[in-house]
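Visitor: Which chain is which? The protein sequence lines are A and B, in order. Note that numbering that gives the first Met the number 0 has the first sequence beginning at 0, numbered continuously upward. Note that numbering that gives the first Met the number 0 has the second sequence beginning at 0, numbered continuously upward.
A few of these clues could be false.
To be verified - Only pairs whose alpha carbons sit at most 30 Å apart, straight line, appear in this in silico BS3-like list of lysine-lysine:
no.	chain 1	residue 1	chain 2	residue 2
1	A	Lys237	B	Lys131
2	A	Lys237	B	Lys70
3	B	Lys70	B	Lys131
4	A	Lys237	B	Lys129
5	A	Lys16	A	Lys342
6	B	Lys70	B	Lys124
7	B	Lys70	B	Lys129
Said to hold, decoys possible - Taking beta-carbon pairs under 7 Å as the criterion, some of the chain B residues facing chain A (in silico):
no.	residue
8	Asp30
9	Ala31
10	Gly35
11	Met36
12	Val38
13	Gly49
14	Ala78
15	Ala82
16	His161
17	Ser167
18	Val171
Hints listed in this document are in silico derivations from the structure and should not be mistaken for laboratory results. For clarity, every value in this text was computed on a predicted model and none was experimentally measured. Cβ coordinates follow ideal geometry from the N, Cα and C atoms, glycine included.
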Amino acid sequence: MEIAIPKPVERENYLNKEYGVWSWLLTTDHKRIALLYLISITFFFFIGGFFALLIRLELLTPAGDLVQADTYNKLFTQHGMVMIFFFLIPSIPAVLGNFLVPMMIGAKDLAFPRINLLSWYLYIIGGVMMLHCMLIGGVDTGWTFYAPFSTNFTNSNFIEAGLAIFVAGFSSILTGLNFVVTIHRMRAPGLTWSRLPLFIWAHYATSIIQLLGTPVIAVTIVLVAAERGLHLGIFDPKLGGDPLLFQHLFWFYSHPAVYIMILPAMGVVTEIIACFSRKRIFGYSFVAFSSIAIAVFGFLVWAHHMFVAGMSVYAALVFSFLSYAVALPSAIKVFNWTATLYKGSIHYDAPMLYAFGFLGLFTIGGLTGLFLAALGIDVHVTDTYFVVAHFHYIMVGGAVMGYLGGMHFWWPKISGRLYPEGWARLAALIVFIGFNLTFFPQFLLGYLGMPRRYYDYSHMPEFQVLNVLSTAGATVLGVGYLLPMVYFLWSMRYGKPASDNPWNAAGLEWKTASPPPTFNFDEEPIVTWEAYNYEELDAPHKQEVPVAR
Amino acid sequence: MPDSTAVGLHHEEQHHPELLHHFADPQQQRDASSLGMWVFLATEIMFFGGLFCAYLIYRRWYFGDFAAASKSIDMALGATNTAVLICSSLTVVLAVWAAQTARRTLLLASLAITMLLGLTFLGIKGVEYKQKFDEHHVPGASFSFDHEEIPGHPGQYANPAHAQIFFSLYFVMTGLHALHMIIGLGIFLWLFLAAWRGRFTPEYNTPIEIGGLYWHFVDIVWIYLFPLLYLIDRHA
Numbered sequence: 000m001e002i003a004i005p006k007p008v009e010r011e012n013y014l015n016k017e018y019g020v021w022s023w024l025l026t027t028d029h030k031r032i033a034l035l036y037l038i039s040i041t042f043f044f045f046i047g048g049f050f051a052l053l054i055r056l057e058l059l060t061p062a063g064d065l066v067q068a069d070t071y072n073k074l075f076t077q078h079g080m081v082m083i084f085f086f087l088i089p090s091i092p093a094v095l096g097n098f099l100v101p102m103m104i105g106a107k108d109l110a111f112p113r114i115n116l117l118s119w120y121l122y123i124i125g126g127v128m129m130l131h132c133m134l135i136g137g138v139d140t141g142w143t144f145y146a147p148f149s150t151n152f153t154n155s156n157f158i159e160a161g162l163a164i165f166v167a168g169f170s171s172i173l174t175g176l177n178f179v180v181t182i183h184r185m186r187a188p189g190l191t192w193s194r195l196p197l198f199i200w201a202h203y204a205t206s207i208i209q210l211l212g213t214p215v216i217a218v219t220i221v222l223v224a225a226e227r228g229l230h231l232g233i234f235d236p237k238l239g240g241d242p243l244l245f246q247h248l249f250w251f252y253s254h255p256a257v258y259i260m261i262l263p264a265m266g267v268v269t270e271i272i273a274c275f276s277r278k279r280i281f282g283y284s285f286v287a288f289s290s291i292a293i294a295v296f297g298f299l300v301w302a303h304h305m306f307v308a309g310m311s312v313y314a315a316l317v318f319s320f321l322s323y324a325v326a327l328p329s330a331i332k333v334f335n336w337t338a339t340l341y342k343g344s345i346h347y348d349a350p351m352l353y354a355f356g357f358l359g360l361f362t363i364g365g366l367t368g369l370f371l372a373a374l375g376i377d378v379h380v381t382d383t384y385f386v387v388a389h390f391h392y393i394m395v396g397g398a399v400m401g402y403l404g405g406m407h408f409w410w411p412k413i414s415g416r417l418y419p420e421g422w423a424r425l426a427a428l429i430v431f432i433g434f435n436l437t438f439f440p441q442f443l444l445g446y447l448g449m450p451r452r453y454y455d456y457s458h459m460p461e462f463q464v465l466n467v468l469s470t471a472g473a474t475v476l477g478v479g480y481l482l483p484m485v486y487f488l489w490s491m492r493y494g495k496p497a498s499d500n501p502w503n504a505a506g507l508e509w510k511t512a513s514p515p516p517t518f519n520f521d522e523e524p525i526v527t528w529e530a531y532n533y534e535e536l537d538a539p540h541k542q543e544v545p546v547a548r
Numbered sequence: 000m001p002d003s004t005a006v007g008l009h010h011e012e013q014h015h016p017e018l019l020h021h022f023a024d025p026q027q028q029r030d031a032s033s034l035g036m037w038v039f040l041a042t043e044i045m046f047f048g049g050l051f052c053a054y055l056i057y058r059r060w061y062f063g064d065f066a067a068a069s070k071s072i073d074m075a076l077g078a079t080n081t082a083v084l085i086c087s088s089l090t091v092v093l094a095v096w097a098a099q100t101a102r103r104t105l106l107l108a109s110l111a112i113t114m115l116l117g118l119t120f121l122g123i124k125g126v127e128y129k130q131k132f133d134e135h136h137v138p139g140a141s142f143s144f145d146h147e148e149i150p151g152h153p154g155q156y157a158n159p160a161h162a163q164i165f166f167s168l169y170f171v172m173t174g175l176h177a178l179h180m181i182i183g184l185g186i187f188l189w190l191f192l193a194a195w196r197g198r199f200t201p202e203y204n205t206p207i208e209i210g211g212l213y214w215h216f217v218d219i220v221w222i223y224l225f226p227l228l229y230l231i232d233r234h235a
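When you get a sec, could you build the whole thing from the sequences and use the hints?
Guide: Given below as structure tokens:
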């Protein structure tokens, strides 16, 4: 690396190599595609957030006054579809994963750069279809679009929404395919599987789920659309078809999809915790294989969404047991992260604050998941706000916290600028407080019996206090989400230039320039060290790790 | 790790024109492409897997009705199509071999015959669909399947509702298979044009190989579709 004299001219990097709209829209550089994804998923995040805001406003008062039942149904449907298929699923993999997977393994790009660009275009096509669908009236099936309501009864435009999800699913498959092949075939010399950053293991496990799960929801959508549009009969009870079959096919993807959303966040948090406690991650191979175990077990638990749907009690028992089993690898991760913190020299920078938030909130989300896996309690709290709260603790408290933590951690590498640390810590705090204020009351509401998907609870006005708290929290949370967007944008112009490795972090992505050159490394790296060699990095006699020869 | 290609990283002097910038050498590029296609085929197995799962459940529940409905589709045409596809798999293998051994005429001929066989398959499939349409076996308002005996149970008639589920699955499964055939024809047309321009050599023929993998996969799907849809309880 060069000496730290103020740079006379900016080095050539992936951002300033070419200018102009077409240099972005036709790029095959994984880093530029990551930024295209960043812009698009942020857009959809705020659309989904807007629907969430309207939902919370409606529930401020017990009466159904702000919107009517039909509109409310569309609000929670579109909130779910947008947030799940157009924000959470692509969030970490398509932005941070796209940017970092090749860099972390010392490759010049993903294995299939043009397919990577294609996946972004498919995402955009799906997104435009979803937007169009919303503009011409929206869908009211719930994001789960259960048959026969979606096939035979709803008057809303389900086919277009379904096809939007189908196309976006293709984009997700292609991202996963690219990652699997890249991780298998493009690793730098010396970078063996046991030296890979755990971020890579997490993305490998995620990709497996994307590859094996997404095609099943795709064919399910084809069947629903064919039944609705061409009047075929597959799930129609009138013909002897079985709506439960739809639910099985749907959850066969949609439960593992939860792990598509949370596993990458786990990978991000692992990197952050190791860096900010200056330690090798405790139990590397356990953390690595727990990701694979989650991917495998994740495929065997889907029917716990159907305990009250009329499934046989024996099947329910088996799925209940298996759902407990999937808690094991998740617990292994939590324990190993905690053990990594033990006696670490902990730094409370913004990314670490998000990682702490993740640890606590994911644990609450995971443990309440066990309530739901238990048959007896599940019957009590099914379809209540308890489920909503559990789900959001994993998805917002887990996945979004991980995403924001990762954005802060790698922002200097992505943009070449430092974000304002004080503001970032404040935002992390606001997000944490706002989140808990929004969703903790929902656990109580659900346990007391407030059903989800109701726009009017005027016959149970005692629920209003908790609902007001939740709505107030959502407002705080909204501020917490707007802040990073503002100061990230600000820092792109006014932020202090970042050094190549501002956190003094391990990992190949920190051994190249910030922002990196188009082909990532000036010299092909050769890896001779284990992942997370923080003891070595912090050893007083060394200023720099022996890099790449 | 057999795939970490530490040796031969900087071979600019013998840089093959088809070698993309981000690969270290042609071997890595070929391995990546071929792994990519295998992974894609795994997603295809899951895609058709959902359909096969639905089909098998209903077939078990409504076996007699499915057998009756199955009897109404033309086994001879289905069997012909099976033969056509198996022959096309042979010509695909010939094309790969021809590309590897620089036999240009054989390569072009094999690709052309493959496409011809693919079109034959789709043509026969079209004839079958026409028959179903004429017999009012297409699900929907004009569907009728009355007084069709269940094979092996004289005097017992199939439930038209259940038969409608059979035909729904029949059209979705064979339809999606046909769509894959059409995509395959597009791929092979592209391969043919590239081969015509002389792009493939013994050193570089990965597109033929992975295009061939795709074609074989689509054939194999049919190998499962044919007995499942056409040959239920034929002995009765």
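Visitor: The structure should be examined with respect to each hint, and the outcome stated for every one.
Guide: Against the structure, the hints:
1. A:Lys237 x B:Lys131: It holds: about 22 Å lies between the C-alpha atoms, which stays within 30 Å.
2. A:Lys237 x B:Lys70: Within the cut-off at roughly 24 Å; holds.
3. B:Lys70 x B:Lys131: Within the cut-off at roughly 12 Å; holds.
4. A:Lys237 x B:Lys129: With Cα atoms ~27 Å apart, A:Lys237 and B:Lys129 stay inside 30 Å; holds.
5. A:Lys16 x A:Lys342: 44 Å, violated
6. B:Lys70 x B:Lys124: 16 Å, holds
7. B:Lys70 x B:Lys129: Distance ~16 Å between B:Lys70 and B:Lys129 Cα, so the pair holds.
8. Asp30: 5 Å, holds
9. Ala31: 4 Å, holds
10. Gly35: For B:Gly35, the interface hint holds, since the closest Cβ of chain A sits about 5 Å away, which is under 7 Å.
11. Met36: Status violated, d = 10 Å.
12. Val38: 5 Å, holds
13. Gly49: B:Gly49 check passes; min Cβ-Cβ to chain A is 4 Å, inside 7 Å.
14. Ala78: For B:Ala78, the interface hint is violated, since the closest Cβ of chain A sits about 26 Å away, which is over 7 Å.
15. Ala82: 28 Å, violated
16. His161: Holds, because the Cβ-Cβ distance from B:His161 to chain A comes to roughly 5 Å (cut-off 7 Å).
17. Ser167: Holds: closest Cβ of chain A sits about 4 Å from B:Ser167, inside 7 Å.
18. Val171: 6 Å, holds
In this structure, the hints that do not hold are numbers 5, 11, 14, 15, in rising order.
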